[in-house]
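**Q** Chain residues, written in single-letter form:
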Amino acid sequence: MRLGDKKYLNLWREMTRAQFKLRDQSSFFGFLWSFLNPLITVGLLFALFSTRLSNEIQDYALYMLIGIVYYTHFSNATGASTNILYSMNALTRNGVFPKDILVAASISTHSVDLILSTLVCVLITFFYGTPITFAVLALPLVILVQIMLVLWVSLLLSSFYVFVRDLVHIYNVFLRLLFFLTPIFYGLSFVGALGRFVLLANPLSHTIIFARDILIKGQLFDFRDFSLFFAINAGMLYASYKIFKRLEPSFAESI
Amino acid sequence: MQKVSDHDCVIAISHLAKGFSKANSYRTLFRMLKGAFMRNGTSDVGFPALCDINLEIERGDKVGLIGNNGAGKSSLLRIIAGLSLPSDGEIEVRGQVTLLAALGMGMVDELSVEENVFLYGAICGVDRAVIKSNLQEIIEWAELQEFATAKLKTLSTGMRARLAFSTTRHIATEITLMDEVLTAGDRNFRDKCKAVFDDYRSADRTFIFASHDIEFVKTICNKTLWLDRGRQKAFGDTESVLQQYLGSTASH
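Chains A and B are the protein sequences, given in the same order. In this text, residue positions in the first sequence follow our numbering: the first is 1, and each later residue adds one. In this text, residue positions in the second sequence follow our numbering: the first is 1001, and each later residue adds one.
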């Protein structure tokens, strides 16, 4: 991730390209397939909860779609990146290069989906009749913190997974739990003080709330909240990178 | 501890040792917890792959690495490449390293031949534009024109070795490690490779060749390291090391 180095920038680009090819998602239909999954979830949840909750939550379908899009990005990107040192084991074992580039490239391919999905959300907001304000211009910042979050989680998990082989099963259970511990189809006002604390301790809740503020309320997120969240994630990213680098020398022979 | 102080020394190894664990089961959280709470007394002693290796390699050296199967040649190359950690001792490597191994060459099965050339080039630090302008030539040299868009997994081991070697001709890393590259190819390929190696002989770059081909080592390498069951039998001038090596094999 030494971004200044042109050589590694080139490698990151090639690696991203390669992983796109491997996912076979370079086509338009590729994106469509990956967007189908969140769409189905939204449809199902809407059918289940709309009669009860659409009075309580403004633009309930859009509200859920934003939640699902960010959750899906988080779970897909961290899930695939956790496994990346194994799925690309020919390179992990035999390639002489910084292995964090594998993780960064894996997240890059998934983040293209996030950017496209966010654009779809903006389009839907437009057709929904919800007024779009200048706050939309801050969406790239939300995407940026989401990518930072996914990056540090993935750096930690991918490096631990080399040494703890059942981590992937544990993480899949965690991801399933996370779906319910994130305000995706319900809101903060639905839970008590303890629930609220749990939801706000979950970093994914914050990016979703930032995005919803912009698209549904049409207003910018609270700047202090955002700065604090950004700082925390930057700190975690730095720490995770250090841990990854610490463990990296034994990746090739442990896989 | 020996530091690289001499300007021209690119690899310094002192008292290097490497042991491999004999444990063969995956580490899982459950087994780690079990291991932490229950001491079952059987400690994993492992087996030694390398033992007390000491050498210095200077810039521009062409080093032959000889020894029987299991002598530790590949292990040593992987440690120099930074893909494996020594269990003991010191190693210092100056400059970017490329490792080219006939078996396990760092290419991706599911990608096409062309895509692999780009990726392999990028791993070795070569820009896409450079590879792009040489792509035709790389594939033609490897004699893989018909397979350019085929997936790598459809290629034979020899074809893969050709492809990797052909790509490395355009890479100019300071240190290049080659592990049995010639063994995978046919005679025609070996002759072509040797012509390339002849060009390298005068180059400023450093090479280490693990090889069973004594004739090849004799013609290309100025220094030779002879390993036997993980121990350093001899290191120095190719001629004198080969004399000792051939002497020992003849007496058996």
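Source of the hints: derived by calculation from the structure; they are not laboratory data. For glycine and all other residues, C-beta sits at the position ideal for the given N, C-alpha and C. Some hints could be false.
Here are some chain A residues the structure puts well away from chain B; computed CB gaps all over 10 Å [stated by the list, open to error]: (1) Asn94; (2) Arg165; (3) Pro249; (4) Glu253.
Rough simulated footprint, nothing fancy, chain B against chain A, three-plus residues with beta-carbon under 8 Å [as the list claims (entries may be wrong)]: (5) 12-21; (6) 147-153; (7) 218-232.
In silico negatives: residues of chain A with every beta carbon more than 10 Å from chain B [said to hold, decoys possible]: (8) Lys6; (9) Lys7; (10) Ser108; (11) Thr130; (12) Pro131; (13) Leu141; (14) Ser250; (15) Ala252.
**Q** Which earlier hints turn out false for this structure, listed by number in ascending order?
**A** 1, 2, 3, 4, 6, 7, 8, 9, 14, 15
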